[in-house]
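Student: Below, each chain spelled out in residue letters.
2 protein chains.
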Amino acid sequence: MDLHILDHKLRVTSISKTGLQQYTHPLIKLIFLRNRTRCKFFSLTETPENYTVVLDEEGFKELQPSEHLQVEGSTWLPLNVVSNGNTSSSSQAVGVTKIAKSVIAPLAEQHVSVFMLSTYQTDFILVREKDLSVVVETLVEEFNIFREEGGESVPVHSQDACNGLQRNGREVPHATVHPVLIPENQFCVMSLDPDTLPAIATTLIDVLFYSNSPKEGASVDQDMKCIKFFSFSLIDGYVSLVMDTEAQRQFPADLLFTSSSGELWRMARIGGQPLGFDECGIVAQISQPLADSDISAYYISTFSFDHALIRSHFCK
Amino acid sequence: MDLHILDHKLRVTSISKTGLQQYTHPLIKLIFLRNRTRCKFFSLTETPENYTVVLDEEGFKELQPSEHLQVEGSTWLPLNVVSNGNTSSSSQAVGVTKIAKSVIAPLAEQHVSVFMLSTYQTDFILVREKDLSVVVETLVEEFNIFREEGGESVPVHSQDACNGLQRNGREVPHATVHPVLIPENQFCVMSLDPDTLPAIATTLIDVLFYSNSPKEGASVDQDMKCIKFFSFSLIDGYVSLVMDTEAQRQFPADLLFTSSSGELWRMARIGGQPLGFDECGIVAQISQPLADSDISAYYISTFSFDHALIRSHFCK
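Residue numbers (UniProt numbering), protein chains in the order written: chain A, 1 to 316; chain B, 1 to 316.
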């Protein structure tokens, strides 16, 4: 299989719930006005805690610093596994399950933190730029590794990246078992033709920027029987949306599409306290048992917690 | 003819060019999300100086005070002339021309300040609530006056409003002749089915909120050969748009409609220095000669200047 290091330098940020209003202007530009920005990688995920915004440096320039914006200090690079047909796989699973054993587990063993972003189209594995040499060294036996540079795929060899096989010097942390919350609402993973994005603009704006108005805030489910979770991404021209069935009903049914089976997904939110960005192995803990049972799963990391989406019929 | 005092209490405000970004959230709500607001009277006009926002009290609540928001201190009431067919008129003119002699001139003689807002559908004459008694007394001979209250039209008689024929005690000001600027761009006055507003949302958002990005700011026409002027209003469910032909090209041609003749309009901007809100007779000065020649004209007051729109074929 091929592993591509994509040509995006990403920042992972968080906007507070009360601060979203003042970021409406740049966010609407990044979502809807492609002619006005060079941003090619944009992801916005609403959770009960905050809005996680992952975006490239062109997009990051649009976000003015304020007390409402938290920025993780590192530059992150997205990795993407492309099955080139040479490696046969018996798995019919999709999402993070496909890469659990080949990517997630080895990186966890090398204590490399990953930030996962599954979309309708693919799964992005974000790693810190400074960990790249360890990543390459760890994965080079299993993958043909390419670095995307200005539209070209340049093969990467272990020594190119790691300058003498240096290893990640981090201590092996004590493996933490995090509490997992399984809310009752069901989710869909969807896409739409980016040219039809204007047709859902007012609905998407309503859901993203106005669904937390004080009126409705009063009815927020405090014990999170249903979780507020909505994810929009526009990456290299592809749109991906993750929303629960209640939000889905607000959108015109003829524009959004999902996989032919139209399956619904249940969520497992990982973490009782915010997870931070340094602990390794969280994705591995979740994805390996799913891979052992060949259960498809999407995985979306956010600023505070991780979220796995598992096909509803596997959840009892 | 009938004169209706509409059931809206209006505020006239101005948002600075640099402050628009922080008002994006409430303005988009007022323009596009009718289910989330009780605002029934909303008008936003961009001029080179600022954005004039005229809106009812429900809408005004959405605008947080800031250094970027100027608010005229009075409450204004919109008047609307309805031709009930009983009064024959030889005039084929539209817009402010129709009401120049019957409304504008008499109010100017009584030193009542008016703020004009012509739309595709009609012409609103805004007067200060505290001037209402003088307005009624001045116009009651010419009009059947009704006050709209909770959906009902209640007849108003002179003594109801003015409590003993008190007159506006203002001094007659020295009549000022204001400089008039006639930019070269041509304008269209248009409407669209409010149900199709979502279909032009991204274009309208782009034009209203992003067309002053620094990139384009550099090419702003400093001597105003072409003036930046764009007006959007959503009043009692009716949409009206005034834009120049360059802005018009950005919108899908099949959704916006104009009068069957599709005529273009030239603008006369009145005022060298900001006009303020207290001087009377400005609209009268402009509209009376037009009425004498039966020349149609729209008239849009903004926070700083007044703007008359006159059919292009009358402009040499």
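Do not take every clue at face value.
Same chains, same names: a pair is fine if it fits in one copy or spans any two.
Stated by the list, open to error - With a straight-line cut-off of 25 Å between C-alpha atoms, the simulated SDA-like cross-links for lysine to any residue are:
| id | residue 1 | residue 2 |
| --- | --- | --- |
| 1 | K40 | N212 |
| 2 | K9 | C226 |
| 3 | K17 | N35 |
| 4 | K228 | R34 |
| 5 | K9 | S66 |
| 6 | K17 | H68 |
| 7 | K40 | T13 |
| 8 | K17 | E67 |
| 9 | K228 | R36 |
| 10 | K228 | N35 |
| 11 | K17 | L69 |
| 12 | K225 | D254 |
| 13 | K61 | T258 |
| 14 | K101 | Q64 |
| 15 | K40 | V207 |
| 16 | K228 | H25 |
| 17 | K225 | H68 |
| 18 | K17 | P194 |
Calculated from the structure, these hints are not laboratory results. Every value quoted in this text rests on a predicted model; they were computed, and no experiment measured them.
Student: Next, verify each hint and record whether it holds.
Tutor: Taking the hints in turn, this is what the structure says about them:
1. In this assembly of identical chains, the alpha carbons of K40 and N212 lie at most 25 Å apart only when taken from different copies (22 Å versus 28 Å within one copy).
2. Taking the shortest alpha-carbon separations for K9 and C226, neither the intra-copy value of 34 Å nor the inter-copy value of 41 Å comes in at or below 25 Å.
3. With identical chains, the CA atoms of K17 and N35 are at most 25 Å apart between copies only, with a shortest distance of 22 Å across copies and 28 Å within one.
4. Only between protomers do K228 and R34 lie at most 25 Å apart by alpha-carbon distance; the minimum there is 23 Å, versus 27 Å within a single protomer.
5. For the identical chains of this complex, K9 and S66 are intra-copy neighbours only, at 22 Å inside a copy versus 36 Å across copies, given an alpha-carbon limit of 25 Å.
6. In this assembly of identical chains, K17 and H68 lie within 25 Å of each other by CA distance both inside one copy and across copies; the values are 8 Å within and 23 Å between.
7. For a Cα distance limit of 25 Å, the shortest separation of K40 from T13 inside one copy, 16 Å, qualifies, whereas the shortest one across copies, 38 Å, does not.
8. When the C-alpha separation of K17 and E67 is checked against a cutoff of 25 Å, the pair qualifies both within a copy, at 12 Å, and between copies, at 24 Å.
9. In the homo-oligomer, the alpha carbons of K228 and R36 lie at most 25 Å apart only across protomers (19 Å), although the nearest pairing inside one protomer, at 30 Å, exceeds that limit.
10. Taking the shortest alpha-carbon separations for K228 and N35, only the inter-copy value of 21 Å comes in at or below 25 Å, while the best intra-copy value is 31 Å.
11. For the identical chains of this complex, K17 and L69 are neighbours both inside a copy (10 Å) and across copies (24 Å), given an alpha-carbon limit of 25 Å.
12. Proximity of K225 to D254 under the C-alpha cut-off of 25 Å is found in neither arrangement, the shortest distances being 30 Å within a copy and 46 Å between copies.
13. For the homomeric pair K61 and T258, neither the shortest alpha-carbon distance inside one copy (32 Å) nor that between copies (40 Å) is at most 25 Å.
14. Taking the closest pair of Cα atoms, K101 and Q64 never come within 25 Å of each other, the shortest separation being 39 Å inside a single copy and 52 Å across copies.
15. In this homomeric assembly, K40 and V207 come within 25 Å of each other (Cα to Cα) both inside a single copy, at 23 Å, and across copies, at 22 Å.
16. When the C-alpha separation of K228 and H25 is checked against a cutoff of 25 Å, the pair qualifies both within a copy, at 23 Å, and between copies, at 21 Å.
17. For the identical chains of this complex, K225 and H68 are neighbours neither inside a copy (27 Å) nor across copies (42 Å), given an alpha-carbon limit of 25 Å.
18. Taking the shortest Cα distances, K17 and P194 never come within 25 Å of each other, neither inside one copy (27 Å) nor across copies (31 Å).
When each numbered hint is compared with the structure, violations occur for hints 2, 12, 13, 14, 17, 18.
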